[in-house]
Amino acid sequence: MAIQDRLSGNEAVSIAMKQINPDVMPAFPITPSTEIPQYVSQFIANGEMDTVFIPVESEHSAMSACIGSQSAGGRTVTATSSCGLALMFEMLYVAASNRLPITMAVVNRALSGPININNDHSDSMGARDSGWLQIYAENAQEAYDNFFQCMRIGEHPAVQLPVMCCQDGFITSHAVERMELIETEKVKAFMGEYKPEHYLLNPDETLAVGPYDIPQYYMEHKKAQAVAMENAREAIMEVAKEFEAMTGRKYGMIEEYRMEDAELAMIIIGSSAGTAKEACDELRAAGVKAGVIKVRVFRPFPAEEIVAALKGVKAVAIMDKTESFSANGGPMGAEVKAAMFGKLNDVLVTNYIYGIGGRDVKVDDLKSVYDKLAEMVKTGKAPEHYQYLALRD
Amino acid sequence: MTDQNKMKNITIDNKWQDLTPGGMIFASGNSVEFRTGDWRTITPKMVWDKCKQCLLCAPMCPDSSIPVKDGKRLEFDYDHCKGCGICAKVCPFDAIVFGGEEE
Ligand code: SF4
Ligand code: SF4
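Heads up: the sequence lines are chains A and B, in that order.
In my numbering, each residue carries its 1-based index in the first sequence increased by 8.
In my numbering, each residue carries its 1-based index in the second sequence increased by 129.
Here chain A stands alone, though its shape is the one from the complex (with noise of 0.2 Å):
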């Protein structure tokens, strides 16, 4: 029988990581992941786990930790948000070149400036091309889920690659929700040991990690890396279905809302779809074909899966929590515009930066962007710009 629960985000993924019980933890505290780590010394402290922690001097030295422990053939985690996150950017790409399937807990939050403690997405979309896969939460029952699946994806074979396994700082991690736990015996299986095929601590074998690599080398080894993140998707989708079969939540890709005769749709990721989830149903009510697409997965990104989603969809929003500074959108307004090209030329698409530096997003908010969809529809026309949700202009 499943355990039932009532936890907040951050609880739900320290409990995940202790019954995980990898090998080592090394970890700084930054608001709003700082629980985290914080739980899991306390579980360590209780003897709940044997973990190893070490308490590090930086982000950029936490993730050097892991990069470390994890060639050494320790299954490592760790845990950090905004500036945190923004601090280990050489290192991620370290880690993710270096094949290392290193699981980390991102707990969305603003990036300074000016300086703001609040949910939004522009650490882990900043560092979206750094090699790692990323799979969103909508709610603390999924951040809980996901952990374990984004170890297991990470860890696969034909992936190696390590996984940031985000959630909604505040919104996700802090606020407590009912949610079903998975008996510890059950994940233990589900985990398996942690059996690496080459690492530094194997006495048998000579191994030399991180070598540099010259113009002849280095683009093949890139070649690789790239398709390890193409590998990914048939790794989630294996990795979810077990999942699935485990305890009857079932993850994909993608998740579609109320889309089979969708006309207006919207694009978005974390724990702003439940609010849109909440705003197509409202709008369902009023006869409006609203629907919605969560975004789970962004690396790699699920080109195809969305296309096939909007099949029938008369008009999309994209819907960004980050502002990209490219003049012409977020990320995955970019993304997304991409994956339609030549695919989906007569959608009308528009794209909004919503939600930013914790902005309150509200149900009102998101049925506004309807409105634009159908207005859209009406005249035939998208604006021409990207634009700002609920701005003072």
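Read the hints as simulated data drawn from the structure, not as lab findings.
Even glycine gets a Cβ: it sits at the ideal position worked out from N, Cα and C.
Do not take every clue at face value.
Claimed, not checked - Negatives, chain A to chain B, calculated, CB over 12 Å:
1) Q12
2) K194
3) Y202
4) E205
5) V217
6) Y226
7) G282
8) L291
9) G320
What the hints assert, rightly or not - For lysine to aspartate or glutamate, the following DMTMM-like pairs were computed, each having C-alpha atoms within a straight-line distance of at most 25 Å:
10) B:K144 / A:E213
11) A:K203 / A:E271
12) A:K389 / A:D373
13) A:K230 / B:D167
14) A:K203 / B:D147
15) B:K218 / B:D208
16) A:K230 / B:E204
17) A:K196 / A:E312
18) B:K144 / A:E228
19) B:K211 / A:D221
20) B:K211 / B:D147
21) A:K26 / A:E271
22) A:K230 / B:D147
23) A:K258 / A:E238
24) B:K179 / B:E204
25) A:K231 / A:E312
26) B:K144 / A:E205
27) B:K144 / A:E312
28) A:K370 / A:E271
29) B:K144 / A:D221
30) A:K231 / B:E204
31) A:K230 / B:D142
32) B:K144 / A:E246
33) A:K231 / B:D142
Given the coordinates of chain A, work out where chain B with the ligands should sit on it, guided by the hints.
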């Protein structure tokens, strides 16, 4: 991934599929296989008549590219000599020509 993961001799003829993940190297003491001599733009050359086998040059070479055997220096190891010119500078007998009319 196959057993090329164990490969010890990686060359520029290997396709991307054949390279080890992340460029892992499954051998030790193999930097000798990396021909850093490619980087050289100026080449030191011996004038053997002038060489007194004083052996001042060999320990000064930062790339261990002046082999010594039975108390005598041998020809340069051009596979690894990076062409820094230190040997020519330290030779008290002008037995090493570095650049100039030779190049
Ligand atoms: S030029 Fe430099 S690297 Fe080459 S043999 Fe002389 S000291 Fe060594
Ligand atoms: S320093 Fe000059 S003379 Fe002495 S061993 Fe070297 S080349 Fe010969």
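In rising order, the numbers of the hints this structure does not comply with | 4, 5, 6, 11, 16, 17, 20, 21, 27, 30 and 32
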